[in-house]
Amino acid sequence: MENQISELERVFTLQKNAYRASHMASYRERIDRIDRIERLTRNNIDKITDALQSDFGSRSRDWIFTADIFPQLSHVKKVKKNLRKWMRRERKSSGLMSVTGQRTYIVNEPLGVVGIMSPFNAPVSLAFDPAIDALVAGNRAMIKISESTPRTAELIKRLVAEYFPEEELAVITGGVEVSKAFTSQPWDLLFFTGGSEVGKHILAATAKNLTPTILELGGKSPCVILDDADVKSAAAKIGLIRMTNAGQVCISGDYVLLPEDKLETFIAEAQS
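If you're matching positions, the sequence shown starts at 2 in the working numbering and goes up one per residue.
Among the clues, some could well be false.
[Claimed, not checked] Taking lysine-lysine pairs in the DSS-like style, the calculated list, with each CA pair at most 25 Å apart, reads:
no., residue 1, residue 2
1, K233, K221
2, K238, K221
3, K181, K17
4, K78, K48
5, K263, K233
6, K93, K82
7, K48, K158
8, K78, K93
9, K221, K201
10, K17, K158
11, K221, K263
12, K201, K78
13, K209, K181
14, K201, K181
15, K263, K238
Since the hints were derived computationally from the structure, they do not count as laboratory data.
All values reported here derive from a predicted model rather than from experimental measurement.
Please take these sequences and the hints and turn them into a complete structure.
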């Protein structure tokens, strides 16, 4: 554990220094970085799938592709389509100061070094999706994958090291103490996906450094059926998402709110 924390601190310092010494990444440099994530994913689909199956035991290969392979490939495609527009400076009104000849623009600039923490239920896509955003914005990034999927975490660490120098993108592995050390670093941005209770601890840790923090948190997910809804269709859709990934997705319905006179019909349709 101490070695893992030392490694975390070393790579963090390396990325910080590399960012400070570098120029703002060009369009071609940003495209090259996300191209490497795409190649990493496409070239290692079987390895990633095998690691996830080993961690989960019974997860289907089809669902692995849906949850942990396809999302980042789709995201790369969207980013490539829009990056030039996103990098363009945006002209804004200068208001009364325009009489002095002042011109006002919004210029999007990178933040620096971004920390990313992905959860156990989709550890690959929820690591790479925010990493794509961080890299395409010109940042450096470090990923901490959930300790609940250790084989996947070790594989992604090795693959990232093959495709990226660690001053651009790196993966840190380890348990709870490493995660605590991860959140305590003075990131320029921390992105966490996971449960609400853990999110509270993370926000308390990042507050000490005034670290900008994005929390994508899971919680209770109600399903609402209105009076004019097709109950049979609603029951089928709710059942499908409830069983998807054994219910281990944030949009898996926890309970249903519906008109009382439709309750028996809904129960019958759900059971069928």
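Hints, one by one, checked against the model:
1. K233 <-> K221: Measuring from Cα to Cα gives roughly 23 Å; hence the hint holds.
2. K238 <-> K221: holds (17 Å)
3. K181 <-> K17: The given pair, whose Cα atoms are some 19 Å apart, holds under the 25 Å limit.
4. K78 <-> K48: Holds: K78 and K48 sit about 22 Å apart, inside 25 Å.
5. K263 <-> K233: holds (10 Å)
6. K93 <-> K82: holds (24 Å)
7. K48 <-> K158: At roughly 13 Å apart (the allowed maximum being 25 Å), K158 and K48 satisfy the hint.
8. K78 <-> K93: violated (29 Å)
9. K221 <-> K201: OK: K221 and K201 at ~16 Å, within 25 Å.
10. K17 <-> K158: Holds, at roughly 20 Å.
11. K221 <-> K263: holds (22 Å)
12. K201 <-> K78: Cα-Cα ~34 Å, so violated.
13. K209 <-> K181: holds (13 Å)
14. K201 <-> K181: Measuring from Cα to Cα gives roughly 12 Å; hence the hint holds.
15. K263 <-> K238: Holds. K263 to K238 sits at ~16 Å (cutoff 25 Å).
Checked against the numbered hints above, the structure violates hints 8, 12; every other hint is satisfied.
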